[in-house]
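Novice: Using this note's numbering, the letters of the sequence shown map in sequence onto residues 1 to 752.
Bear in mind the hints are in silico, worked out from the structure with no lab data behind them.
Listed below are the simulated BS3-like cross-link pairs for lysine-lysine, each with C-alpha atoms no more than 27 Å apart in a straight line:
1. K320 x K406
2. K497 x K532
3. K238 x K188
For each label pair, taking beta carbons as the anchor points, the in silico distance ranges come out as:
4. D309 x D670: 53 to 63 Å
5. S588 x E475: 35 to 45 Å
6. I746 x R313: 55 to 65 Å
7. A51 x P101: 26 to 36 Å
By construction, the Cβ of each residue, glycine as well, lies at the ideal position given by its N, Cα and C atoms.
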Amino acid sequence: MLELPDVTLCCVDTANHALALRALARSCEGVSFARAVLLTDALSHDVAVPAGIDIVPIAPLGSRDAYSEFVLKSLLPHIATTHALLVQWDGYVINPAAWDPAFLDCDYIGAKWFWYEDGMRVGNGGFSLRSRRLLEALQDPRISLIDAEDLTIGRSFRPLLERDHGIRFADEGVADRFSFEAAYPIGKPFGFHGLYNFCRTVPPDEIAALSPGFSDAIARSPQLLQLLRNCAALGQWKAAVAIGRRIVAAAPDNAEALGMLREAERRAPAAPVAGRNDPCPCGSGKKFKQCHGALSAAGAAAPPTPGPDIEVRSALEAHKKGDIDRAERGYRAALAAAPQDPLALHYLGVVMYQRNRQDEAIPLLERSISVRPQEPEFHNNLGLALAAADRHDDAIAAYRHVLALKPGHAVAWNNLGLALQASNRVGEAIAAFREALAREPDFAQAHWNFSLALLAQGEFAEGWREYEWRLRIPELGKHSRAFEGPRWDGVARPGLKLLVTAEQGLGDALQFVRFATLLSQQGVRIIVAAPKSLARLLASAPGVSEVAALDGPLPPYDAHVPLLSLPGLLGIGVADIPSAVPYIAADSARRNEAVAALRPYTRPLKAGLAWAGSKANASGRHRSIPFAVLTPLFDVPDVLWVSLQPAEDASPISAMSGARGLVELPLRNDFDGTAALVAELDLIVTVDTSIAHLAGALAKPVWILLPFASDWRWQGARTNNPWYPTARLFRQPAPGAWDAVVRDVIVALREW
Numbered sequence: 001m002l003e004l005p006d007v008t009l010c011c012v013d014t015a016n017h018a019l020a021l022r023a024l025a026r027s028c029e030g031v032s033f034a035r036a037v038l039l040t041d042a043l044s045h046d047v048a049v050p051a052g053i054d055i056v057p058i059a060p061l062g063s064r065d066a067y068s069e070f071v072l073k074s075l076l077p078h079i080a081t082t083h084a085l086l087v088q089w090d091g092y093v094i095n096p097a098a099w100d101p102a103f104l105d106c107d108y109i110g111a112k113w114f115w116y117e118d119g120m121r122v123g124n125g126g127f128s129l130r131s132r133r134l135l136e137a138l139q140d141p142r143i144s145l146i147d148a149e150d151l152t153i154g155r156s157f158r159p160l161l162e163r164d165h166g167i168r169f170a171d172e173g174v175a176d177r178f179s180f181e182a183a184y185p186i187g188k189p190f191g192f193h194g195l196y197n198f199c200r201t202v203p204p205d206e207i208a209a210l211s212p213g214f215s216d217a218i219a220r221s222p223q224l225l226q227l228l229r230n231c232a233a234l235g236q237w238k239a240a241v242a243i244g245r246r247i248v249a250a251a252p253d254n255a256e257a258l259g260m261l262r263e264a265e266r267r268a269p270a271a272p273v274a275g276r277n278d279p280c281p282c283g284s285g286k287k288f289k290q291c292h293g294a295l296s297a298a299g300a301a302a303p304p305t306p307g308p309d310i311e312v313r314s315a316l317e318a319h320k321k322g323d324i325d326r327a328e329r330g331y332r333a334a335l336a337a338a339p340q341d342p343l344a345l346h347y348l349g350v351v352m353y354q355r356n357r358q359d360e361a362i363p364l365l366e367r368s369i370s371v372r373p374q375e376p377e378f379h380n381n382l383g384l385a386l387a388a389a390d391r392h393d394d395a396i397a398a399y400r401h402v403l404a405l406k407p408g409h410a411v412a413w414n415n416l417g418l419a420l421q422a423s424n425r426v427g428e429a430i431a432a433f434r435e436a437l438a439r440e441p442d443f444a445q446a447h448w449n450f451s452l453a454l455l456a457q458g459e460f461a462e463g464w465r466e467y468e469w470r471l472r473i474p475e476l477g478k479h480s481r482a483f484e485g486p487r488w489d490g491v492a493r494p495g496l497k498l499l500v501t502a503e504q505g506l507g508d509a510l511q512f513v514r515f516a517t518l519l520s521q522q523g524v525r526i527i528v529a530a531p532k533s534l535a536r537l538l539a540s541a542p543g544v545s546e547v548a549a550l551d552g553p554l555p556p557y558d559a560h561v562p563l564l565s566l567p568g569l570l571g572i573g574v575a576d577i578p579s580a581v582p583y584i585a586a587d588s589a590r591r592n593e594a595v596a597a598l599r600p601y602t603r604p605l606k607a608g609l610a611w612a613g614s615k616a617n618a619s620g621r622h623r624s625i626p627f628a629v630l631t632p633l634f635d636v637p638d639v640l641w642v643s644l645q646p647a648e649d650a651s652p653i654s655a656m657s658g659a660r661g662l663v664e665l666p667l668r669n670d671f672d673g674t675a676a677l678v679a680e681l682d683l684i685v686t687v688d689t690s691i692a693h694l695a696g697a698l699a700k701p702v703w704i705l706l707p708f709a710s711d712w713r714w715q716g717a718r719t720n721n722p723w724y725p726t727a728r729l730f731r732q733p734a735p736g737a738w739d740a741v742v743r744d745v746i747v748a749l750r751e752w
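Make the full structure from the sequences, and use the hints.
Specialist: This is the structure we're talking about:
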C-alpha cells in the first residue's frame with residue numbers, strides 16, 4: 001500500500017455521484033491518503049458511499065464554468081494537507097507503483113497538452129496534483145476564470161503564478177510519468193483522465209456494465225462517442241455494443257453511433273441479448289423488441305457487404321509505388337466493406353504513421369493485431385509508430401513480441417536497438433544491433449546504428465570501423481558530386497595532395513576539420529571541399545592549405561577521402577582526440593563589426609542563445625527547445641541575450657512577449673557573422689547544433705543543452721566533453737524535460 005499522508009484525495013462532482021464515488025474508491029485501492037473526500041450536493045438515496053470516503057456538502061454546480069470557478073477559488077478551505085490530488089469521475093489512480101516522491105516537489109502536475117508548441121503544456125486538471133501553496137496563490141484577486149480552470153492556471157496565469165508566487169509547475173517528463181489524457185501514455189503513469197481512455201484502463205465487461213448507467217448528458221458527449229470508436233478499434237465488441245446502445249437511446253439520430261452499434265452487434269454474437277419483451281439494456285425504458293432488438297434485426301437483415309480483396313490489393317500496389325493518397329482511399333473503401341479486414345486496418349495504420357499522425361496510426365495497428373496476432377510485421381510496424389510517438393518502452397515491448405514470434409527478424413533487432421538507445425540503454429542497444437548483424441551481415445543501416453552506439457560508449461576502434469557503413473546508406477553516403485581518382489589508403493606520404501570532402505552537417509565539418517592539423521604535420525597537403533558558408537572558417541584551421549566549394553571547380557589532388565573517415569584511418573581513441581582549442585578563427589573585419597554592434601549594450605555578461613537545430617535533421621524535434629521554455633532565462637539579472645538563430649528560424653520569435661530583452665543582430669544571418677558574434681560574446685548557450693561546434697572550436701565557454709538520449713559525441717552522462725574543453729553539458733533528466741535543463745542553466749548563470 002502506497003502511503004501518502006500529505007495528500008488529500010478530492011473529487012468535486014454534483015452530477016455523477018455514483019461514478020465520482022467509483023473514481024475515489026478506485027484511487028484508494030492501492031493508496032492510503034490523508035483523507036478522501038467527495039464535495040457534492042445531496043446524494044441520491046440509492047447511492048452507496050464506500051468506506052473511508054467523506055462526503056462534504058456544497059451547492060449544486062450547474063455548468064462547467066461553475067465547476068471551474070469552485071475549483072479555482074473555493075477548494076482551498078477543504079484542503080488541510082500540503083497537496084491535493086484532484087480527480088473527476090472519469091479519471092483516477094491506476095498504477096500506484098508509478099508514484100514518485102518528486103511529484104510533491106511540484107505545485108501543479110497534470111497530463112501534458114501535446115498540441116501546444118510553447119513551454120506551457122502542463123497540464124490537464126481532470127487528474128491533477130495541486131499544492132496548498134497553489135490554492136492560496138489562486139486567491140490573488142488578479143487571477144480570475146478565463147477558460148476552464150486548468151487553462152486559467154496552466155496557461156493564462158502561469159507566468160504570474162511563477163513570477164509573483166514562486167509556483168513550481170512540473171516539467172513535461174514528470175507530467176508524462178504522472179498521468180495521461182489526450183495523448184497516448186508513455187509507459188505506465190500514476191493515473192489518467194478521460195472517458196475515452198476507459199478502453200485502456202477499464203476491462204471491457206466493466207465498461208459494458210457501466211454504460212447503461214451513464215446519464216443522457218454523458219451519452220450525448222463527444223467523449224463517449226470517442227470511447228465507442230476506441231473500443232471498436234481495439235475489438236472490444238461487448239463494450240462497444242453497450243456504449244452504442246446507450247448513445248443511440250439518448251441520440252437516436254446519431255448515424256455514426258448507429259452504424260458502429262450494428263457492426264459491434266454483428267461482431268459480438270456472444271454479447272448478452274435481452275428477451276424481446278424485456279426492458280432494453282440501454283436504459284431507454286422501451287421493450288427490447290421496440291428498441292435495440294429492432295435495430296439488431298434490421299442489421300441482421302442487411303445484405304452482406306462485398307469482400308475487400310480487390311480494394312486491398314489495389315491499395316497495396318499504390319502504396320508500394322509511393323502513392324499513399326490513393327492507398328489510403330483504397331484501404332478506407334475496403335474497411336467500409338469489411339471493417340475488420342486485417343490488411344486494410346494495418347496498412348491504413350502504416351499510412352497514418354507515414355503521415356506522422358500517430359494518434360490515428362496506433363489504434364489501427366493495434367486493431368489489426370487483435371485480428372491477426374501472430375503476424376510479426378504487424379507488431380514491428382506498431383513498434384515503429386510507438387517509437388515515433390516517443391513511447392519507447394511500449395515500442396521495446398512490441399519489438400520483443402516480434403522476436404518471440406520470429407527470432408531471426410533482423411529488422412526488428414535493429415529497431416529494438418534504436419528504441420533501447422532512445423531510452424539511454426546503450427549497452428543493451430549494442431547487444432541488439434549485434435543480433436541484427438548476426439542474422440543479416442550486410443544490413444547497412446544496422447551497422448550505422450551499431451557504430452553510433454559503440455561511439456557513444458567510447459568504443460572507438462570498433463565504432464570507427466562500423467562508422468564507414470554510413471557511405472553505403474544513400475541519405476548519408478551521397479555527396480553533391482562524385483570525386484574522381486583514388487580514395488586515400490590512410491598512408492601519410494609527404495607532399496601528398498589530399499582532398500578532404502565535408503559531409504553530413506555543418507557541425508560535423510567544424511568538429512572533424514581538426515584532423516587536418518595531424519595530417520599536415522606529417523607532410524600531407526590538405527585541400528578541403530566544403531559548403532561555401534564554411535569556407536573562410538575552415539581555411540583558418542591549421543594545416544588546411546586550401547578550401548574549395550563542394551559544388552565548384554576543384555584544384556588538382558592525388559587522392560580523396562570523406563572528412564568523417566579520418567579518425568578511423570588515424571586510429572583515434574578517446575585519449576587521442578586532438579583537443580587543443582581554438583583551432584579555427586573568426587574573420588577580424590567581421591569581429592570589428594560584432595564589437596560595434598554590441599557596444600551599445602552594457603550588461604556585464606553577454607550571452608549568445610541558440611534554441612533550434614536544422615529542420616532537416618531527423619532528430620531535430622528532440623534537440624530543439626520550444627522558445628517559451630527558455631523565457632525564464634531572460635529574468636536573470638545582468639545578462640544580455642543575443643540571438644544566434646538565423647532570421648528565417650527566428651522570425652516568429654520577435655513577436656512573442658517572452659522575447660523581451662533578446663537582441664537580434666543582422667550579423668547572425670551568415671556563418672562568418674555568427675562566428676564573429678560568438679568570438680565577441682562571453683558565453684554561448686545552445687542546443688546540439690552547429691553553433692555548439694562553432695563555439696567549441698573557437699574555445700568560447702559554451703553550455704550545450706542536450707536531450708535525454710543525446711548524440712554519440714557527447715559521451716553518455718558526462719558534463720564535460722573530450723572534443724571541446726570549454727564545453728559544459730546540461731542534460732534532460734527525463735525525455736522532454738527541458739524545464740529542468742533551463743532551471744539548471746539559471747542556477748549556473750547565477751553562480752557565474
